[in-house]
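Participant: Residues per chain, in single letters:
Number of protein chains: 2
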Amino acid sequence: MKKIKAKLTSPHVWIFIVVTALIVPFSAQARQDNLQQEVRKYRTSHEHKIIDEFVELLSIPNVSSDHVNVRKNAEHILKMMEKRGIATQIMETAGNPVVFGELKVPGAARTLMFYVHYDGQPVDPSSWTETHPFKPTLRPGKLKAGTAEPKPIPYPDPSTKYDEDWRIYARGTSDDRAPIIGILTALDALHEGGIPLRNNLKFILEGEEEAGSTNLFPFLREHKDLLTCDVLFMCDGPTYYSGAPTLFFGVRGITSMQITVYGPNASVHSGHYGNWVPNPGIRLAHLLASMRGTNGRVKIEGFYDTVVPLTENEINALKAIPSYEAHIKENYGFSGTEDYWPSLLEAVQNPALNVNGLNSGWVGDQARTIIPSSATAALDIRMVKDNDPKDMVQKVINHIKQQGYHVVYAEPDLETRMKYPFLARVRHTESGYKASRTSMDLPISKLVIRALVAHSDKKPVLLPSLGGSLPIYMFEDLLQVPIIGLPIANHDNNQHQPDENLRIGNLWTGIETYAAILMLGED
Amino acid sequence: MKKIKAKLTSPHVWIFIVVTALIVPFSAQARQDNLQQEVRKYRTSHEHKIIDEFVELLSIPNVSSDHVNVRKNAEHILKMMEKRGIATQIMETAGNPVVFGELKVPGAARTLMFYVHYDGQPVDPSSWTETHPFKPTLRPGKLKAGTAEPKPIPYPDPSTKYDEDWRIYARGTSDDRAPIIGILTALDALHEGGIPLRNNLKFILEGEEEAGSTNLFPFLREHKDLLTCDVLFMCDGPTYYSGAPTLFFGVRGITSMQITVYGPNASVHSGHYGNWVPNPGIRLAHLLASMRGTNGRVKIEGFYDTVVPLTENEINALKAIPSYEAHIKENYGFSGTEDYWPSLLEAVQNPALNVNGLNSGWVGDQARTIIPSSATAALDIRMVKDNDPKDMVQKVINHIKQQGYHVVYAEPDLETRMKYPFLARVRHTESGYKASRTSMDLPISKLVIRALVAHSDKKPVLLPSLGGSLPIYMFEDLLQVPIIGLPIANHDNNQHQPDENLRIGNLWTGIETYAAILMLGED
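Chains A and B, in that order, are what the protein sequence lines are. All letters in the first sequence, in the order written, are residues 1 to 523 by the numbering used here. All letters in the second sequence, in the order written, are residues 1 to 523 by the numbering used here.
These are computed hints drawn from the structure, not numbers from a lab. Hints may be right or wrong, so weigh each one.
Since copy identity is lost for identical chains, a pair holds within one copy or between any two.
Claimed, not checked - Think about it this way: if two alpha-carbon atoms lie no more than 25 Å apart in a straight line, the pair counts; the simulated DSS-like pairs of lysine-lysine are:
1. 419 x 390
2. 419 x 151
3. 419 x 329
4. 401 x 135
5. 329 x 401
6. 41 x 459
Based on the provided sequences and hints, a complete structural model is requested.
Facilitator: What follows is the structure, given as structure tokens:
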């Protein structure tokens, strides 16, 4: 580009630039189409083999606490990976093992690492709809709410194609064994298509994500050197509602707290004392109302001060995403949203103060005409990049103090109760997840976006941050590497619930998505 | 007085007035002292007989649902009353019987009726402190909280006097069998002192007050003619904290309601949706905060409009009552009160909006990081004279509407949920107790006050209204008669709880109080 710039005055140069601008994308597009076509060709001609291999994996129970079967998963996955030429090992932790794999490519420009977890949530077979969580079952569509329809169908014979809208029901189909079959099939397709790899690949498959990842971080610390890479892809979670290939560049952080305000030390008769003994229910109402509007806007001093704003690119990426707000409203039966931010997508790019629960005295049939002795609110704070959990909690505490409360951190004794007319107890988690956000403007981010845009039928959805929280910051802090989320499951996969499922079409798209990412690089 | 007025110009008249003004009260005082002395003389010389008779009554179990024993109470009380020359009958209702008695006095100026209930609250003997609820036990003082001290003592031999601070522990000692022995002993004392009765007396003793008085009001309607009187004394409840003779001229009314506000139709993830899906917890907080300050002042339009203000006499009566606020604060472990009214006593003369309970999502160990689907508050409204329960509830509903809510009265369906951005469900009791308040300025009220002032050691406590609620308005509506509350039990009698007790001194004072009221009349 330097050379061209130097010749900007020459009219020939302009012609060169214009022609290049037209040809280079076309030529890249041609190669990219070739990649997508090769992968799709492989998939359409191997659907039965792919599904068979997936079903075999899904048949091994994988509940995190079932250590014997979880290890069987690890051993099975090791074999699947070795079959693809990946140097794989089962690495022990204090809990379930990590499956680690590496595929070195001579002359590779960079190393990509993929994180997947192969364990699953607990299951209660009796609450699954006419299926067993570890007998993967094919249904010709999504189970209609509250019914057992559509009924399971047999796996088709080799002459019948899988319909994209069919779904496989089993624990761990979507969360999170789909990426395993997706990535390995992408490798098969590249191999069969004679497309040489251009990036070193590393794979880290965790076996106790659903049990809180207790042993993962000691593992990461211990094996930091093994885990060097240029970018880490978190292959977990669902895509955006539209089903388009989705990248998320961050997650919100989270910390929780509980606030209790006090009235009398035992419930008292609301007739004898109503209007005089302090009512903790109304005190809590005033305190919460002072913290936040019904529109979501937090009124606590400094709550938004440390927010790192989105860049123009990130804002544009959000604006390009089709809205599913009407769908969500209909699904959850409400019409009025909190409207301080113009859209759901923008709202979750900002810190939130959520009331998770309220409790005081009794309601419903148990209601009694009393002034309760206390009232408690459970809150969480969802944070964005550079919000510090401790600082955010402290801001809430400062706010409570500004409302005239004396704040304590344990159940107050009589002396304290008699000393302070307004008394609040705060309990908060010592730890919280920091938010994490990889800039979309980094060269590696641009490269990833470009690869996905080039090799996808649908325009990819680029999310600066998910609304939810994952301890990605720990990977970030330990490995000092950009982290990008790369989910493939359908959004309505019943994650963490009975009847977990994967839509076949999502797996097909996922294979192409992973192939595009595996082949990442300047075209 | 007319005659005197006519002669106001004569100097002799002035002398007459001054002398009369000095002599008449002295002469009345002399007679009154005589009455009190006669009653006290009788009591001090018959303490053992009085307590023996009381203990015999208390030994008969009286739990409302124990119909057999409740009837034994009725039969026993009938005999006690007949012994005093009261024409007594056991009158059937659909439930436990009413004991009705009448004592006609030739030439009586008026008829006084006394209401007492002889049934008691349920008992769980295992939770009583080393005593059985129907084996009346004497202790040399009040049980210290959380201990079995002081230990029971034997009933003393006839040569030993009862100490005023000793207490009898049994169900129904205070609530509400003490007035039975109190009134009958007062009659004995008047009889023994040769003091002729001057008022007709009627007695209505209910047998299922603690079971909700279901059959009392049909009984009152049926026997309305039998129940004519000039004043009805409700002999139930405790005296003021000071233990001074207490009259209450009214009670607050009560009605209850529950308000539910809605978010999504199921809890949703606070990360995915926090800042956008409406949070019902915060909505409820804002709604409640808009209704009422933390100082007790209700901000609902018209909430105080129908309040009948206290008269000057009633205000002065309140001001004359010693404050026990410091005691209550210490007892219930709080220091800051709601302070819109200058004192507890004045606060309960006004309507109140009490938050009885709050519920939304989960708190404590069960807390989860969600946006709950709804939030509910249980409220009661305590009303004063002329507040109409339906009108007060409607004012709250109007207020909710003014905050932008669409109000429904059943669980909203999807269509309703989708139509109204702010949706509140209100549940309220169809019935409520109206308040009741007999004016202290009525001649009969003045007469009662005068009698009690004249015959008491301590200055009587005159309460325009109790803070609590009783369905006195039904007696008022049916019988169209002034109603005055005349309790004698100690305030710390453990009413409705294990270890119910009566302080002996309160019975002694009660006997004198009842004698004064029985002898009510212009001196």
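Participant: Checking residue 401 and residue 135: alpha-carbon separation at most 25 Å within a copy, between copies, both or neither?
Facilitator: Neither, since 56 Å and 53 Å both go past 25 Å.
Participant: Have a look at residue 419 and residue 329 and pick one of within, between, both or neither, based on CA distance no larger than 25 Å.
Facilitator: Close across copies (11 Å), not inside one copy (48 Å); limit 25 Å.
Participant: Are the CA atoms of residue 419 and residue 151 at most 25 Å apart within a copy, between copies, both, or neither?
Facilitator: neither (66 Å within a copy, 35 Å between copies)
Participant: With identical chains treated as interchangeable, where does the CA-CA distance between residue 419 and residue 390 reach 25 Å or less: within a copy, between copies, both, or neither?
Facilitator: neither (28 Å within a copy, 41 Å between copies)
Participant: Evaluate residue 41 and residue 459 at a C-alpha cut-off of 25 Å and name the case that applies: within, between, both or neither.
Facilitator: within (21 Å within a copy, 102 Å between copies)
Participant: Reference check for the pair residue 329 and residue 401, CA-CA at most 25 Å: within, between, both, or neither?
Facilitator: between (37 Å within a copy, 23 Å between copies)
In the structure shown, a violation is registered for the earlier hints numbered 1, 2 and 4, in ascending order.
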